[in-house]
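Those sequence lines, one after another, are chains A and B.
By this note's numbering, the letter at position 213 of the first sequence is numbered 213, and the numbering carries on one by one without gaps.
By this note's numbering, the letter at position 161 of the second sequence is numbered 470, and the numbering carries on one by one without gaps.
Take the hints with a grain of salt, since some may be wrong.
[Stated by the list, open to error] Here are the simulated lysine to aspartate or glutamate pairs, EDC-like style, with alpha carbons at most 16 Å apart:
no., chain 1, residue 1, chain 2, residue 2
1, B, K311, A, D17
2, B, K418, A, E53
3, B, K419, A, E72
4, B, K311, A, D13
5, B, K418, B, E380
6, B, K418, A, E54
7, B, K419, A, E53
[What the hints assert, rightly or not] To give an idea of the chain B side of the interface with chain A (calculated C-beta under 10 Å), a few residues:
no., residue
8, N355
9, V386
10, D395
11, D398
Hint data in this document are derived by calculation from the structure and do not stem from the laboratory.
From a predicted model like this one, the values you see are computed outputs, not experimental measurements.
Where a beta carbon is used, it is the ideal one built from N, C-alpha and C, also for glycine.
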Amino acid sequence: MKFTDRLKNELFDPGRDVTAGEMLHFKLFELFIVVYVILYSWSWGLYTQRFNEEVVLPLGLANYIDISLFFEHYLAIIIAAVISVMVLAAFFRIGNRWFYLIVLMLFHLQYVIRYSQGEIPHSQNLVGLGVLILAVGSVFYPAGKFFPRFVFGGVIFFIGLGYTSAFFSKLIGTGFHWFYGEHLWLWISEKSIDILSRDGLYEVNFLQQIALDHVWAASVILLIGWFTELIGFTLWFKKWRPYTTTLLIGMHFGITLTMNIRFDAFVMQLIIVGYPWYKLIRLDSEKVSGWLLKFTLFKKPSYSGSESA
Amino acid sequence: MKYENDAFRGLKLIGWLFLLSTVLVASHKGEFWPFSIYPMFSQAGNTWNRALLIEVSPDDTTNIWSEKSIESIDQHVVPVKELGVDQIDYSNFISKTETWTPGRLSALKKLFPENVLQGRMVMAAKASGKLTDGDSVSVAITPMFLIDSDTVRVNPNIPIHNTD
Numbered sequence: 001m002k003f004t005d006r007l008k009n010e011l012f013d014p015g016r017d018v019t020a021g022e023m024l025h026f027k028l029f030e031l032f033i034v035v036y037v038i039l040y041s042w043s044w045g046l047y048t049q050r051f052n053e054e055v056v057l058p059l060g061l062a063n064y065i066d067i068s069l070f071f072e073h074y075l076a077i078i079i080a081a082v083i084s085v086m087v088l089a090a091f092f093r094i095g096n097r098w099f100y101l102i103v104l105m106l107f108h109l110q111y112v113i114r115y116s117q118g119e120i121p122h123s124q125n126l127v128g129l130g131v132l133i134l135a136v137g138s139v140f141y142p143a144g145k146f147f148p149r150f151v152f153g154g155v156i157f158f159i160g161l162g163y164t165s166a167f168f169s170k171l172i173g174t175g176f177h178w179f180y181g182e183h184l185w186l187w188i189s190e191k192s193i194d195i196l197s198r199d200g201l202y203e204v205n206f207l208q209q210i211a212l213d214h215v216w217a218a219s220v221i222l223l224i225g226w227f228t229e230l231i232g233f234t235l236w237f238k239k240w241r242p243y244t245t246t247l248l249i250g251m252h253f254g255i256t257l258t259m260n261i262r263f264d265a266f267v268m269q270l271i272i273v274g275y276p277w278y279k280l281i282r283l284d285s286e287k288v289s290g291w292l293l294k295f296t297l298f299k300k301p302s303y304s305g306s307e308s309a
Numbered sequence: 310m311k312y313e314n315d316a317f318r319g320l321k322l323i324g325w326l327f328l329l330s331t332v333l334v335a336s337h338k339g340e341f342w343p344f345s346i347y348p349m350f351s352q353a354g355n356t357w358n359r360a361l362l363i364e365v366s367p368d369d370t371t372n373i374w375s376e377k378s379i380e381s382i383d384q385h386v387v388p389v390k391e392l393g394v395d396q397i398d399y400s401n402f403i404s405k406t407e408t409w410t411p412g413r414l415s416a417l418k419k420l421f422p423e424n425v426l427q428g429r430m431v432m433a434a435k436a437s438g439k440l441t442d443g444d445s446v447s448v449a450i451t452p453m454f455l456i457d458s459d460t461v462r463v464n465p466n467i468p469i470h471n472t473d
């Protein structure tokens, strides 16, 4: 079997019917994305309105337009309001199937407006990717029951790609000695300054103390994390997905303990898409199934072509 | 199979998105949100620079601009979170700005306006860490800007460029 055929089958599982349980799983995932889109849009907008004055680091579209225009006249707040209305309309399937695409563009704009101050955070990337795949899926599968399957497959593809890419970034950026324990010492001290700056106090926890006392322990911690990133692409494969997801979640807990970096939304999204929750959700009611279908598709269901309803 | 054609089309769409993401991150230094090559922590072993905000007594400004140790100031650190400021932003603003201009100083003052400082005098300082002798990390604190309710005083060693 060709690799592309294998990848298609692993990501989209075309032989399996889309059940009501899967649609409910999908709507819960979509709800998670919608809630975080609204939360981020408002927190970025409010922060911009209060603090942003100069563009320190232009990201994305900010390389092409002067985003300092959005620092005033409540424009960042207005963008947050427009995103909120459109993403809620898209969630409830009111209005046009292009709404998620418009939300994606405004969400990107809001991100580059807010993070023009020098910080490049990644904890919101998976929510952004979720919106991207929803946008593409809603345009290309407005009436097909395959829409949820495309969204889950697409999100899983880019999550796996991202982790493996992070492994190679480290390999290229530093070399094979990236995992040397002294490097973790430097990061622990750097993050200790960040926490001290943020909270006014800082205490080393047990795992950090072990890493600081024993360079070999620090090396082992880095090596485990680095290896877990390398195998991130195994998320693409159904059999491996739950195990890789569990390892990745463990790695994030490890990062939180050693470097005080929290990835709450990242981990929640991993939990939602990394496990086959639909297998646990059994819904036999046709009424519920019809209701879920109504709120999953952007158009009336298509019964023609390759798909059966 | 049930969704064979849809799945094939889905794979093509993912392929196009992958191509798009590759072009965007390759042409934008690895970042075009939400696409990224996730380069965080990719360069290990380098010296790091962060920032702290330190409370200063207006009566004790002798040797105010001299380099300090972390132990000498850690009891006087002002938690920026309590002032409503994003600590990562503040840190990047202080440590990544290469050319200081009146505009940058004005932006710094906007982070800590009078109603937030409430009469306090604070020092924006850069914290730098590096590996020493390969077996420990040393941290040095360099005072940069002294901020009170009205003014921002600049470390004499930092040049201010008058063109924004």
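Hint-by-hint comparison with the structure:
no., hint, verdict
1, B/K311 / A/D17, "7 Å, holds"
2, B/K418 / A/E53, "10 Å, holds"
3, B/K419 / A/E72, "14 Å, holds"
4, B/K311 / A/D13, "9 Å, holds"
5, B/K418 / B/E380, "27 Å, violated"
6, B/K418 / A/E54, "12 Å, holds"
7, B/K419 / A/E53, "8 Å, holds"
8, N355, "8 Å, holds"
9, V386, "5 Å, holds"
10, D395, "7 Å, holds"
11, D398, "4 Å, holds"
The structure does not agree with numbered hint 5 stated previously, though it agrees with all others.
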